[in-house]
Amino acid sequence: MATIAISWGTVKSLLIFFGPVIVPRLITSYRSLRVSIASRPPPRPLPAAPGRALNILFGGIVFFLLLSLPFNPHAPEPNIFSQTRSRLNTPTDVIFNRLARLRPDNFLTEADSLLQSKFTSLGARKVYLTYGPDALVSCQYCSFDNLYTYLMYYLPFHVLLPHLGHLLLLGVATSAPIAGREASRWRIKFTLAGLVLAAIDIYIMATYDAIQGAPRSVRAGQTPPSGLYHHITLLRPLVFVICDVICSVVLWLSATNRFFFKPPSTVEQVDEAVSMAVQTLVGANTKLHAASVTRNAVVRDSTLKNRDDLYWRTMVSAENPTQRPGEGGEQILNNIWEEEEVARAMSRVMAGQGGIDLAQLGVNANDFVRNVTEGLE
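In the working numbering, the protein residues as written are 56 to 432.
Just so you know, the hints here were simulated from the structure itself, not pulled from any lab data. The reader is advised that the hints may include incorrect statements.
What the hints assert, rightly or not - Quick list of the computed label-pair ranges, beta carbon to beta carbon:
| no. | residue 1 | residue 2 | range |
| --- | --- | --- | --- |
| 1 | Arg-153 | Val-300 | 39 to 45 Å |
| 2 | Arg-86 | Pro-128 | 50 to 56 Å |
| 3 | Asp-200 | Leu-120 | 37 to 43 Å |
| 4 | Pro-128 | Phe-73 | 17 to 23 Å |
| 5 | Val-337 | Arg-362 | 37 to 43 Å |
| 6 | Pro-79 | Asp-326 | 56 to 62 Å |
| 7 | Thr-83 | Arg-140 | 54 to 60 Å |
| 8 | Arg-86 | Ile-259 | 37 to 43 Å |
| 9 | Val-418 | Asp-326 | 51 to 57 Å |
| 10 | Thr-204 | Arg-153 | 29 to 35 Å |
| 11 | Arg-240 | Asn-426 | 34 to 40 Å |
| 12 | Glu-165 | Ala-254 | 19 to 25 Å |
Glycine included, each C-beta is placed from N, C-alpha and C at the ideal position.
Between the sequences and the hints, there should be enough to build the whole structure, so can you do that?
Here it is as C-alpha coordinates:
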(Lines of atoms letter the chains of each structure in order from A and count residues from 1; the text may use other names and numbers.)
(Lines give C-alpha, C1' and ligand atoms only; values in the text may rest on other atoms or scores of the structure.)
Protein backbone atom coordinates (compact mmCIF):
# COMPACT_ATOMS: atom_id res chain seq x y z
CA MET A 1 0.00 0.00 0.00
CA ALA A 2 1.38 3.39 -1.00
CA THR A 3 1.91 5.98 1.70
CA ILE A 4 1.32 9.70 1.35
CA ALA A 5 4.06 11.90 2.81
CA ILE A 6 2.92 15.16 4.41
CA SER A 7 5.61 17.75 4.93
CA TRP A 8 5.81 20.15 7.84
CA GLY A 9 5.31 23.03 5.44
CA THR A 10 1.97 21.58 4.35
CA VAL A 11 0.89 21.26 7.97
CA LYS A 12 1.84 24.89 8.67
CA SER A 13 -0.06 26.05 5.59
CA LEU A 14 -3.17 24.19 6.73
CA LEU A 15 -2.87 25.64 10.23
CA ILE A 16 -2.47 29.17 8.86
CA PHE A 17 -5.53 28.71 6.62
CA PHE A 18 -7.89 27.00 9.08
CA GLY A 19 -6.50 28.45 12.34
CA PRO A 20 -8.42 31.77 12.29
CA VAL A 21 -11.66 29.82 11.87
CA ILE A 22 -11.10 26.91 14.24
CA VAL A 23 -9.31 28.60 17.16
CA PRO A 24 -12.07 31.19 17.96
CA ARG A 25 -14.67 28.45 17.83
CA LEU A 26 -12.66 26.32 20.23
CA ILE A 27 -12.24 29.26 22.62
CA THR A 28 -15.97 30.06 22.49
CA SER A 29 -16.89 26.43 23.11
CA TYR A 30 -14.49 26.24 26.05
CA ARG A 31 -15.90 29.42 27.61
CA SER A 32 -19.51 28.32 27.16
CA LEU A 33 -18.64 24.98 28.73
CA ARG A 34 -17.08 26.71 31.75
CA VAL A 35 -20.10 29.00 32.12
CA SER A 36 -22.53 26.08 31.92
CA ILE A 37 -20.56 24.14 34.54
CA ALA A 38 -20.31 27.15 36.85
CA SER A 39 -24.02 28.06 36.54
CA ARG A 40 -25.44 24.58 36.87
CA PRO A 41 -27.58 23.85 39.93
CA PRO A 42 -26.44 21.39 42.59
CA PRO A 43 -26.86 17.70 41.77
CA ARG A 44 -30.21 16.18 42.61
CA PRO A 45 -31.50 12.63 43.01
CA LEU A 46 -32.62 10.89 39.85
CA PRO A 47 -36.28 11.78 39.13
CA ALA A 48 -38.82 9.04 38.55
CA ALA A 49 -39.42 9.72 34.84
CA PRO A 50 -35.76 9.53 33.74
CA GLY A 51 -35.45 6.49 35.99
CA ARG A 52 -38.02 4.73 33.81
CA ALA A 53 -35.99 5.63 30.73
CA LEU A 54 -32.84 4.20 32.30
CA ASN A 55 -34.72 1.01 33.17
CA ILE A 56 -35.80 0.64 29.54
CA LEU A 57 -32.26 1.21 28.30
CA PHE A 58 -30.92 -1.25 30.87
CA GLY A 59 -33.32 -3.89 29.59
CA GLY A 60 -32.11 -3.24 26.04
CA ILE A 61 -28.48 -3.45 27.15
CA VAL A 62 -29.03 -6.85 28.77
CA PHE A 63 -30.94 -8.14 25.73
CA PHE A 64 -28.35 -7.03 23.17
CA LEU A 65 -25.51 -8.22 25.37
CA LEU A 66 -27.01 -11.71 25.40
CA LEU A 67 -27.33 -11.60 21.61
CA SER A 68 -23.65 -10.69 21.29
CA LEU A 69 -22.51 -13.84 23.10
CA PRO A 70 -21.30 -16.62 20.76
CA PHE A 71 -23.21 -19.33 22.64
CA ASN A 72 -26.66 -17.69 22.49
CA PRO A 73 -29.37 -19.71 20.66
CA HIS A 74 -29.52 -17.23 17.76
CA ALA A 75 -25.77 -17.02 17.18
CA PRO A 76 -24.59 -18.04 13.67
CA GLU A 77 -23.05 -21.44 13.16
CA PRO A 78 -19.25 -21.48 13.10
CA ASN A 79 -17.54 -20.74 9.82
CA ILE A 80 -16.93 -24.03 7.97
CA PHE A 81 -13.52 -22.78 6.80
CA SER A 82 -12.47 -22.25 10.42
CA GLN A 83 -14.07 -25.50 11.54
CA THR A 84 -12.33 -27.62 8.93
CA ARG A 85 -9.10 -25.56 8.79
CA SER A 86 -9.64 -25.22 5.06
CA ARG A 87 -8.21 -22.56 2.78
CA LEU A 88 -10.06 -20.39 0.31
CA ASN A 89 -8.87 -22.58 -2.58
CA THR A 90 -9.55 -25.92 -0.89
CA PRO A 91 -11.79 -28.15 -3.06
CA THR A 92 -15.43 -28.35 -2.03
CA ASP A 93 -15.38 -32.13 -1.56
CA VAL A 94 -12.40 -31.90 0.78
CA ILE A 95 -14.08 -29.18 2.86
CA PHE A 96 -17.29 -31.13 3.34
CA ASN A 97 -15.49 -34.43 3.94
CA ARG A 98 -13.69 -32.73 6.80
CA LEU A 99 -16.98 -31.23 7.95
CA ALA A 100 -18.64 -34.67 7.93
CA ARG A 101 -16.06 -35.94 10.40
CA LEU A 102 -17.22 -33.23 12.81
CA ARG A 103 -20.89 -34.21 12.55
CA PRO A 104 -22.62 -36.96 14.54
CA ASP A 105 -22.11 -40.40 12.95
CA ASN A 106 -19.79 -38.77 10.37
CA PHE A 107 -22.75 -37.82 8.16
CA LEU A 108 -23.56 -34.41 6.76
CA THR A 109 -26.86 -32.89 7.77
CA GLU A 110 -29.49 -31.90 5.24
CA ALA A 111 -28.46 -28.26 5.57
CA ASP A 112 -24.82 -29.22 4.97
CA SER A 113 -25.73 -31.13 1.81
CA LEU A 114 -27.77 -28.20 0.49
CA LEU A 115 -24.89 -25.84 1.22
CA GLN A 116 -22.48 -28.18 -0.55
CA SER A 117 -24.64 -28.09 -3.68
CA LYS A 118 -24.36 -24.27 -3.74
CA PHE A 119 -20.64 -24.18 -2.89
CA THR A 120 -19.55 -24.45 -6.51
CA SER A 121 -17.50 -21.33 -7.28
CA LEU A 122 -15.37 -18.59 -5.81
CA GLY A 123 -18.38 -16.25 -6.00
CA ALA A 124 -20.39 -18.66 -3.84
CA ARG A 125 -17.63 -18.68 -1.24
CA LYS A 126 -17.54 -14.89 -1.30
CA VAL A 127 -21.31 -14.76 -0.71
CA TYR A 128 -21.00 -17.27 2.12
CA LEU A 129 -18.26 -15.28 3.85
CA THR A 130 -20.10 -11.97 3.42
CA TYR A 131 -23.81 -12.74 3.82
CA GLY A 132 -23.84 -16.17 5.46
CA PRO A 133 -25.26 -19.56 4.50
CA ASP A 134 -28.91 -18.48 4.55
CA ALA A 135 -28.47 -15.95 1.75
CA LEU A 136 -26.47 -18.44 -0.33
CA VAL A 137 -28.98 -21.28 0.06
CA SER A 138 -32.39 -19.59 0.38
CA CYS A 139 -32.29 -16.68 -2.07
CA GLN A 140 -34.24 -17.70 -5.19
CA TYR A 141 -33.73 -14.57 -7.29
CA CYS A 142 -30.04 -13.95 -6.53
CA SER A 143 -27.27 -14.37 -9.07
CA PHE A 144 -23.49 -14.61 -8.82
CA ASP A 145 -23.28 -12.22 -11.77
CA ASN A 146 -24.77 -9.48 -9.59
CA LEU A 147 -23.81 -9.88 -5.94
CA TYR A 148 -25.97 -6.89 -4.96
CA THR A 149 -28.97 -9.19 -5.28
CA TYR A 150 -27.63 -11.06 -2.25
CA LEU A 151 -27.23 -7.72 -0.48
CA MET A 152 -30.90 -6.92 -1.15
CA TYR A 153 -31.84 -10.30 0.31
CA TYR A 154 -29.60 -9.85 3.35
CA LEU A 155 -30.43 -6.26 4.34
CA PRO A 156 -34.12 -6.37 5.42
CA PHE A 157 -33.99 -9.05 8.14
CA HIS A 158 -30.31 -9.05 9.10
CA VAL A 159 -29.53 -5.31 9.10
CA LEU A 160 -32.63 -3.13 8.90
CA LEU A 161 -34.79 -5.11 11.33
CA PRO A 162 -32.21 -5.07 14.19
CA HIS A 163 -31.60 -1.36 13.71
CA LEU A 164 -35.33 -0.61 13.62
CA GLY A 165 -35.70 -2.50 16.90
CA HIS A 166 -32.84 -0.48 18.38
CA LEU A 167 -34.38 2.80 17.18
CA LEU A 168 -37.72 1.74 18.67
CA LEU A 169 -35.99 1.14 22.00
CA LEU A 170 -34.38 4.60 21.89
CA GLY A 171 -37.69 6.17 20.90
CA VAL A 172 -39.57 4.60 23.80
CA ALA A 173 -36.80 5.51 26.26
CA THR A 174 -36.92 9.18 25.19
CA SER A 175 -40.68 9.63 24.79
CA ALA A 176 -42.07 12.47 26.90
CA PRO A 177 -45.12 10.59 28.30
CA ILE A 178 -42.89 7.79 29.61
CA ALA A 179 -39.53 9.38 30.36
CA GLY A 180 -40.42 13.03 30.94
CA ARG A 181 -38.85 16.24 29.69
CA GLU A 182 -35.30 15.38 30.82
CA ALA A 183 -35.13 12.36 28.51
CA SER A 184 -37.20 13.75 25.63
CA ARG A 185 -34.67 16.54 25.03
CA TRP A 186 -32.20 13.85 23.87
CA ARG A 187 -34.67 12.18 21.51
CA ILE A 188 -33.32 13.70 18.28
CA LYS A 189 -29.66 13.17 19.20
CA PHE A 190 -30.16 9.54 20.24
CA THR A 191 -32.19 8.85 17.10
CA LEU A 192 -29.47 10.38 14.94
CA ALA A 193 -26.91 8.17 16.68
CA GLY A 194 -29.01 5.10 15.87
CA LEU A 195 -29.40 6.20 12.24
CA VAL A 196 -25.65 6.75 11.94
CA LEU A 197 -25.02 3.21 13.19
CA ALA A 198 -27.50 1.86 10.64
CA ALA A 199 -25.87 3.83 7.82
CA ILE A 200 -22.40 2.58 8.78
CA ASP A 201 -23.68 -0.99 8.93
CA ILE A 202 -25.28 -0.75 5.49
CA TYR A 203 -22.14 0.86 4.06
CA ILE A 204 -19.92 -1.92 5.41
CA MET A 205 -22.17 -4.66 4.05
CA ALA A 206 -22.43 -2.95 0.66
CA THR A 207 -18.73 -2.26 0.15
CA TYR A 208 -16.96 -5.16 1.87
CA ASP A 209 -15.29 -7.71 -0.39
CA ALA A 210 -14.60 -10.97 1.42
CA ILE A 211 -11.67 -11.79 -0.88
CA GLN A 212 -10.14 -8.43 -1.74
CA GLY A 213 -10.55 -7.22 1.85
CA ALA A 214 -9.00 -10.35 3.34
CA PRO A 215 -5.37 -10.48 4.50
CA ARG A 216 -2.74 -11.42 1.97
CA SER A 217 -2.19 -14.81 3.60
CA VAL A 218 -5.88 -15.66 3.10
CA ARG A 219 -5.81 -14.63 -0.56
CA ALA A 220 -2.65 -16.68 -1.05
CA GLY A 221 -4.37 -19.77 0.37
CA GLN A 222 -2.15 -20.01 3.45
CA THR A 223 -4.68 -19.38 6.27
CA PRO A 224 -8.42 -20.05 6.59
CA PRO A 225 -10.68 -17.06 5.83
CA SER A 226 -12.73 -15.69 8.70
CA GLY A 227 -15.39 -13.80 6.75
CA LEU A 228 -17.59 -10.87 7.67
CA TYR A 229 -20.95 -12.50 8.36
CA HIS A 230 -19.96 -14.50 11.43
CA HIS A 231 -18.19 -11.53 13.04
CA ILE A 232 -20.69 -8.77 12.33
CA THR A 233 -23.67 -10.85 13.44
CA LEU A 234 -22.22 -10.84 16.97
CA LEU A 235 -20.60 -7.41 16.69
CA ARG A 236 -23.85 -5.64 15.72
CA PRO A 237 -25.67 -6.18 19.07
CA LEU A 238 -22.43 -5.39 20.91
CA VAL A 239 -22.37 -1.99 19.18
CA PHE A 240 -25.98 -1.51 20.31
CA VAL A 241 -24.85 -2.23 23.87
CA ILE A 242 -22.10 0.38 23.68
CA CYS A 243 -24.50 2.94 22.19
CA ASP A 244 -27.14 2.32 24.87
CA VAL A 245 -24.55 2.52 27.66
CA ILE A 246 -23.40 5.92 26.37
CA CYS A 247 -27.00 7.10 26.07
CA SER A 248 -27.72 5.93 29.62
CA VAL A 249 -24.70 7.77 31.03
CA VAL A 250 -25.62 10.98 29.18
CA LEU A 251 -29.22 10.73 30.34
CA TRP A 252 -28.20 10.10 33.96
CA LEU A 253 -25.77 13.04 33.96
CA SER A 254 -28.35 15.44 32.53
CA ALA A 255 -31.26 14.21 34.67
CA THR A 256 -29.27 14.64 37.91
CA ASN A 257 -27.88 18.06 36.84
CA ARG A 258 -24.30 16.80 36.99
CA PHE A 259 -23.59 17.69 33.37
CA PHE A 260 -25.34 18.81 30.19
CA PHE A 261 -27.60 21.06 32.27
CA LYS A 262 -30.05 23.03 30.14
CA PRO A 263 -32.05 25.82 31.81
CA PRO A 264 -35.79 25.75 31.13
CA SER A 265 -36.91 27.73 28.11
CA THR A 266 -39.27 30.71 28.23
CA VAL A 267 -42.21 28.58 27.16
CA GLU A 268 -41.49 26.02 29.87
CA GLN A 269 -41.16 28.78 32.49
CA VAL A 270 -44.51 30.26 31.41
CA ASP A 271 -46.15 26.83 31.51
CA GLU A 272 -44.77 26.22 34.99
CA ALA A 273 -45.97 29.64 36.20
CA VAL A 274 -49.44 29.07 34.74
CA SER A 275 -49.58 25.63 36.34
CA MET A 276 -48.65 27.07 39.73
CA ALA A 277 -51.23 29.85 39.32
CA VAL A 278 -53.93 27.32 38.46
CA GLN A 279 -53.01 25.25 41.51
CA THR A 280 -53.17 28.37 43.69
CA LEU A 281 -56.59 29.32 42.29
CA VAL A 282 -57.87 25.79 42.85
CA GLY A 283 -56.64 25.94 46.43
CA ALA A 284 -58.27 29.33 46.97
CA ASN A 285 -61.53 28.07 45.50
CA THR A 286 -61.40 25.09 47.84
CA LYS A 287 -60.83 27.39 50.82
CA LEU A 288 -63.75 29.63 49.79
CA HIS A 289 -65.99 26.63 49.39
CA ALA A 290 -64.89 25.39 52.79
CA ALA A 291 -65.67 28.80 54.29
CA SER A 292 -69.14 28.67 52.74
CA VAL A 293 -69.74 25.19 54.14
CA THR A 294 -68.49 26.32 57.55
CA ARG A 295 -70.80 29.36 57.45
CA ASN A 296 -73.78 27.18 56.63
CA ALA A 297 -72.89 24.85 59.51
CA VAL A 298 -72.65 27.81 61.90
CA VAL A 299 -76.00 29.24 60.79
CA ARG A 300 -77.76 25.88 61.21
CA ASP A 301 -76.53 25.45 64.81
CA SER A 302 -78.32 27.74 67.27
CA THR A 303 -75.46 27.87 69.77
CA LEU A 304 -72.84 28.68 67.11
CA LYS A 305 -75.21 31.17 65.46
CA ASN A 306 -75.74 33.01 68.76
CA ARG A 307 -71.97 33.17 69.34
CA ASP A 308 -71.46 34.42 65.78
CA ASP A 309 -74.15 37.10 66.19
CA LEU A 310 -72.63 38.16 69.50
CA TYR A 311 -69.21 38.45 67.89
CA TRP A 312 -70.43 40.64 65.05
CA ARG A 313 -72.55 42.82 67.37
CA THR A 314 -69.44 43.32 69.49
CA MET A 315 -67.38 44.22 66.41
CA VAL A 316 -70.03 46.67 65.17
CA SER A 317 -70.26 48.28 68.60
CA ALA A 318 -66.48 48.61 68.77
CA GLU A 319 -66.27 50.23 65.33
CA ASN A 320 -69.41 52.42 65.72
CA PRO A 321 -69.78 53.39 69.38
CA THR A 322 -72.65 55.82 68.59
CA GLN A 323 -74.79 53.24 66.74
CA ARG A 324 -77.60 51.65 68.67
CA PRO A 325 -77.95 47.88 68.74
CA GLY A 326 -80.16 46.50 65.99
CA GLU A 327 -79.29 49.16 63.42
CA GLY A 328 -77.21 48.74 60.25
CA GLY A 329 -78.39 45.34 59.04
CA GLU A 330 -81.32 43.43 57.71
CA GLN A 331 -82.64 40.35 59.43
CA ILE A 332 -83.29 37.42 57.13
CA LEU A 333 -86.60 35.97 58.25
CA ASN A 334 -86.96 33.09 55.85
CA ASN A 335 -83.89 30.88 55.86
CA ILE A 336 -83.69 28.26 53.13
CA TRP A 337 -82.94 25.60 55.71
CA GLU A 338 -86.26 26.34 57.43
CA GLU A 339 -88.40 25.79 54.33
CA GLU A 340 -90.79 22.85 54.53
CA GLU A 341 -89.54 20.99 51.43
CA VAL A 342 -85.92 21.29 52.49
CA ALA A 343 -86.74 20.05 55.98
CA ARG A 344 -88.62 17.00 54.60
CA ALA A 345 -85.73 16.15 52.23
CA MET A 346 -83.19 16.37 55.04
CA SER A 347 -85.37 14.14 57.22
CA ARG A 348 -85.53 11.47 54.51
CA VAL A 349 -81.76 11.57 54.04
CA MET A 350 -81.06 11.31 57.74
CA ALA A 351 -83.48 8.37 57.92
CA GLY A 352 -81.49 6.53 55.21
CA GLN A 353 -84.20 6.81 52.53
CA GLY A 354 -82.36 9.06 50.08
CA GLY A 355 -80.00 6.50 48.55
CA ILE A 356 -76.95 8.10 50.19
CA ASP A 357 -74.31 6.15 52.08
CA LEU A 358 -74.04 8.14 55.29
CA ALA A 359 -70.94 6.26 56.44
CA GLN A 360 -69.05 7.07 53.25
CA LEU A 361 -70.39 10.61 53.39
CA GLY A 362 -68.95 10.95 56.87
CA VAL A 363 -65.56 9.67 55.69
CA ASN A 364 -65.57 12.14 52.79
CA ALA A 365 -66.55 14.95 55.16
CA ASN A 366 -63.68 14.09 57.51
CA ASP A 367 -61.22 14.06 54.60
CA PHE A 368 -62.57 17.39 53.38
CA VAL A 369 -62.25 19.01 56.80
CA ARG A 370 -58.74 17.61 57.28
CA ASN A 371 -57.58 18.97 53.90
CA VAL A 372 -59.18 22.36 54.52
CA THR A 373 -57.79 22.82 58.02
CA GLU A 374 -54.33 21.50 57.17
CA GLY A 375 -51.72 23.86 58.53
CA LEU A 376 -54.15 25.70 60.81
CA GLU A 377 -53.50 25.92 64.54
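These are the hints, each one checked on the structure:
no.: 1; hint: Arg-153 x Val-300: 39 to 45 Å; in the structure: 41 Å, holds
no.: 2; hint: Arg-86 x Pro-128: 50 to 56 Å; in the structure: 53 Å, holds
no.: 3; hint: Asp-200 x Leu-120: 37 to 43 Å; in the structure: 40 Å, holds
no.: 4; hint: Pro-128 x Phe-73: 17 to 23 Å; in the structure: 52 Å, violated
no.: 5; hint: Val-337 x Arg-362: 37 to 43 Å; in the structure: 31 Å, violated
no.: 6; hint: Pro-79 x Asp-326: 56 to 62 Å; in the structure: 36 Å, violated
no.: 7; hint: Thr-83 x Arg-140: 54 to 60 Å; in the structure: 59 Å, holds
no.: 8; hint: Arg-86 x Ile-259: 37 to 43 Å; in the structure: 39 Å, holds
no.: 9; hint: Val-418 x Asp-326: 51 to 57 Å; in the structure: 36 Å, violated
no.: 10; hint: Thr-204 x Arg-153: 29 to 35 Å; in the structure: 30 Å, holds
no.: 11; hint: Arg-240 x Asn-426: 34 to 40 Å; in the structure: 36 Å, holds
no.: 12; hint: Glu-165 x Ala-254: 19 to 25 Å; in the structure: 38 Å, violated
Hint compliance for this structure: hints 4, 5, 6, 9, 12 are broken, all remaining hints hold.
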